[in-house]
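Asks: Now for the letters of each chain:
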Amino acid sequence: MIRTVLQYSFLGLGMFFFASTAVAMFRFRHVYDRAHAATKCLTGGSLSILVAFLIQGHSFPVFLKVILAAGFLFLTNAVSAHALVRAAYRQGTSVDALEPDELREQGDDGFGGDP
Amino acid sequence: MIIAALVTIIASAMVVFVRLALGPSVPDRLVAANTLGVMFFTLIVLLAGVFQTDSFLDVALVYAVLQFADVLIMAKYLNRSGSVVST
Numbered sequence: 000m001i002r003t004v005l006q007y008s009f010l011g012l013g014m015f016f017f018a019s020t021a022v023a024m025f026r027f028r029h030v031y032d033r034a035h036a037a038t039k040c041l042t043g044g045s046l047s048i049l050v051a052f053l054i055q056g057h058s059f060p061v062f063l064k065v066i067l068a069a070g071f072l073f074l075t076n077a078v079s080a081h082a083l084v085r086a087a088y089r090q091g092t093s094v095d096a097l098e099p100d101e102l103r104e105q106g107d108d109g110f111g112g113d114p
Numbered sequence: 000m001i002i003a004a005l006v007t008i009i010a011s012a013m014v015v016f017v018r019l020a021l022g023p024s025v026p027d028r029l030v031a032a033n034t035l036g037v038m039f040f041t042l043i044v045l046l047a048g049v050f051q052t053d054s055f056l057d058v059a060l061v062y063a064v065l066q067f068a069d070v071l072i073m074a075k076y077l078n079r080s081g082s083v084v085s086t
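Line by line, the protein sequences are chains B and F.
If you're matching positions, the first sequence starts at 0 in numbering that gives the first Met the number 0 and goes up one per residue.
If you're matching positions, the second sequence starts at 0 in numbering that gives the first Met the number 0 and goes up one per residue.
Bear in mind the hints are in silico, worked out from the structure with no lab data behind them.
Each hint should be verified, as a subset may be incorrect.
Claimed, not checked - Which chain F residues face chain B? A few, computed with CB under 8 Å, are given here:
1) 7
2) 15
3) 18
4) 20
5) 27
6) 65
Stated by the list, open to error - Okay, the calculated bits of chain F under chain B, using three or more residues with CB under 8 Å as the criterion:
7) 0-6
8) 31-45
9) 57-64
10) 67-76
The C-beta atom is built at its ideal place from N, Cα and C for all residues, glycine as well.
In isolation and in its complexed conformation, chain B is listed as follows (with noise of 0.2 Å):
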C-alpha cells in the first residue's frame, strides 16, 4: 500500500517534470534559460521516474543497473548542457539577451583570458 503510494507520487512527480520541460522550451527566450530548464527539471524528473522504478523491487542486478544509470545521468547532465552553453557563449548565441553579463563585467571572454 505505502509502496505504491510512494511509486505513484514519483511517477506523478516526474511526469510534472517532463511537462514542465516541454513547456518551458517555449517558454523561455534563449539558449541559456532553455538549458537551465533542460539541466534542473530533466535531470529531477528523470530522477523521480527513476526511483518509482526502483520502488517497485527488483533483483538486485536491475537494482545496481538502474542506481548506476541515475548516478551516470545526475553527473553527466550538468557537465553536457555546461559544456554546450559554453559552446554557445563563444559563439555569441543571442549573448545581447544576457542582460547583466557578468562574464563580461569580469573581464572574461569565455576564452579563459583577457578579451
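Chain B is fixed; fit chain F onto it per the hints.
Replies: The following block gives chain F in isolation, referenced to the frame of chain B:
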C-alpha cells in the same frame, strides 16, 4: 499509471522535437536534442518495467553513455568551428 507516464513522456518529447526543428540557433537545437535523449532514456527504463525485460536496462545505460559523448563532441565541435556554424 505507467501508461500515463509513457504518454506524458512521449508528448513532452514531441513538443521538444518541435523546438529542435524550429530552434533559431544551433545551440538551441543541441539543447533540445540533449533533452530528447534524456527523455528517451527514461522511456527505455520504463519500458523495461512494462515488458519485464531486464536487458532493456543495458540498452538504456549504453544509450546514456553514448548520448553524453555525443553532446560533448557536438559542444567541442561548436567551440572550434567559430563563425562557420551560423548562430
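Asks: Run every hint past the structure and note whether it holds.
Replies: Structure-based check of all given hints:
no.: 1; hint: 7; in the structure: holds (4 Å)
no.: 2; hint: 15; in the structure: holds (5 Å)
no.: 3; hint: 18; in the structure: holds (4 Å)
no.: 4; hint: 20; in the structure: violated (11 Å)
no.: 5; hint: 27; in the structure: holds (5 Å)
no.: 6; hint: 65; in the structure: violated (11 Å)
no.: 7; hint: 0-6; in the structure: holds (count 4)
no.: 8; hint: 31-45; in the structure: holds (count 9)
no.: 9; hint: 57-64; in the structure: holds (count 5)
no.: 10; hint: 67-76; in the structure: holds (count 6)
Against the hints set out earlier in the document, violations occur for numbers 4 and 6.
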